[in-house]
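Based on the hints, put chain H in the right spot on chain G.
There are 2 protein chains.
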Amino acid sequence: MTQEQQKTPHDLPDVTGLKIGILGGTGDQGGGLARRFALAGHEVIIGSRKAERAQQAADALGEGLPVRGAENHAAASEADVVIVAVPWDGHKATLESLRAELAGKIVVDCVNPMGFDKQGAFPLPVEEGSAAQQAAAVLTESRVVAAFHHVSAKLLLDPEVDEMELDVLVLGDDRDATDLVRGLAARIPGMRGIYGGRLRNAHQVEAFTANLISINRRYKAHAGLRITDV
Amino acid sequence: MTQEQQKTPHDLPDVTGLKIGILGGTGDQGGGLARRFALAGHEVIIGSRKAERAQQAADALGEGLPVRGAENHAAASEADVVIVAVPWDGHKATLESLRAELAGKIVVDCVNPMGFDKQGAFPLPVEEGSAAQQAAAVLTESRVVAAFHHVSAKLLLDPEVDEMELDVLVLGDDRDATDLVRGLAARIPGMRGIYGGRLRNAHQVEAFTANLISINRRYKAHAGLRITDV
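First to last, the protein sequences are chains G and H. In terms of the working numbering, the first sequence opens at residue 1 and continues consecutively. In terms of the working numbering, the second sequence opens at residue 231 and continues consecutively.
One chain only, chain G, in its complex shape (with noise of 0.2 Å):
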C-alpha cells in the first residue's frame, strides 16, 4: 500500500502518556473522572484552590493511583490536556485566574449550569449560551472542548462498576482538538466519544442533564446516551 488509507470518522489519536488536570478535581464529577483516568494509566493532577484540599481528593481515590493534588495555577500548568469540573458559581473568575497557564491547551469544559427546585432540575441561562463558550470566550488563547456532562459521578467513583455504557458527546470548532477528547473518552472502559456538533449547539448538551436527573428520579437509574447507528 502506498496510498494513505483514508481517515474515519471514527478513527482516535494516540493519547497514551498524556497528563491530565482536573480543575474542580475535589468535587464528585472531577473526582470521578480523575480515577478513571488513573485506571486507564495516565498521570492525573487534581487541581484546587488549595494543594492540601486537592492532594485530600488525590488520596480518598484510593492507593497506588496516578494521581496527585496541586494548585490550580500547578495543576493547569502541568497538566497536557485540563478538564474544567468547577462548579457553575465559580466557572468564569476561576478560568479568568488561569488563562495564562491554560494557553495552547485543550480546555475540556463538562460544567452543567444547573438550577434545582421543588419540581427538580431546570437549566440555568448563561449568557455566552452555554458554559462552553463562556470558557471559549474567557479562554482565547486555548482550544476549548465540551464534554463529559453526561457521566454519573456515583457509577466514575463506583469501584463494582468496570465498565460504562455510556456515549460521550464531545463538541467544539477544532476537528484535532475534539479527536483528541473522543480519545480520551474511550480510554474509559464501555465509553464512546462522538463527536457532537459545534461549541454553538453545547448548550442543548449541557441542559439536557437536568432531563437525565428526572430520568434516574423516574427510573431509579444512573441514565446516560448511546447514540443509535453510529
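Honestly, I wouldn't trust all of these hints.
Think about it this way: if two alpha-carbon atoms lie no more than 20 Å apart in a straight line, the pair counts; the simulated SDA-like pairs of lysine to any residue are [stated by the list, open to error]:
no.	chain 1	residue 1	chain 2	residue 2
1	H	K280	H	A323
2	H	K450	G	Q6
3	G	K118	G	D229
4	G	K220	H	K450
5	H	K384	G	K154
6	G	K220	H	L269
7	H	K237	G	K154
8	G	K154	G	K50
9	G	K7	G	K154
10	G	K7	H	A451
11	H	K450	G	P87
12	G	K118	H	R422
13	G	K220	H	K348
14	H	K237	G	R226
15	H	K450	H	D409
16	H	K237	H	D406
17	G	K220	H	R422
18	G	K220	H	I443
19	H	K348	G	R175
20	H	K450	G	T209
21	G	K50	G	T16
22	G	K220	H	Q236
23	H	K280	H	T238
24	G	K154	H	T238
25	H	K450	G	D173
Since the hints were derived computationally from the structure, they do not count as laboratory data.
Using the frame of chain G, we list chain H on its own:
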C-alpha cells in the same frame, strides 16, 4: 393476590384503537409517523390546510393503510390524540386556529425550531422557551406533551426498515398524558417511550436535533438516542 400490583415506571396504558390526527402530516416527519402508526393498526388522519393535499399525502404512503387526509380542523376534531408536526414557521398560528378542536385532547408536539447556515443547524430562540411550551401557552385547554423530536423521517418512511432502534423522550407535566404517549411510541417496533422530564425542560430536547444533524453529517448516519440503564 388481593393487593393491587404496584405500578412501575415502565407500565404502559393500552392505546389500541386510538385514532391519531397528524397536523402537518404532509411533511416527511408527520407522514413518516402516520405511516408507522397506521402499520401498527391505528386509524390515522393526516391534516393539512387543504383536504386535497392531505389526501394526496395519505395516498402517497401506499395502499391498504388506514390513513386518510382531511382539512386540519376536521383532523383535529375527529382524532383522539393529535400530533403537531407542522413547520415551526406556522406553529403558533396553526395552533391558535385549532384551540376549540384541540380542547380536552392530548396534543403531542414534535416540532424542532431550527435554523440552518453554512455551519449547519442551530436551535432558534423561542419566546415561550420551546415549541412545546408555546403549544401549552396557546392550548390552555389541552394536555400538551412533547415527543418524537429525534425520529428520522427518512427511516420512518423507508419500507426496508422494520425496526427503529431509538428511545423517544416524552416530556410533560401530566403523568397520564405522558404515559399514554409513551405507549404510542412503543407501538413502533424498536422504539421505547421514556419519560424525559417536565415541559420546562423541552427546549434542550428540541434543540438537540441540531446535534443529531451534526452527528449524521460527520458519521453519515441516521442517529438516534438510547437512554442507558433504563
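* Violated hints, by number in ascending order, as checked against the structure -> When the structure is compared with the hints, numbers 3, 4, 5, 6, 7, 8, 9, 11, 12, 13, 14, 15, 18, 20, 21, 23, 24 turn out to be violated.
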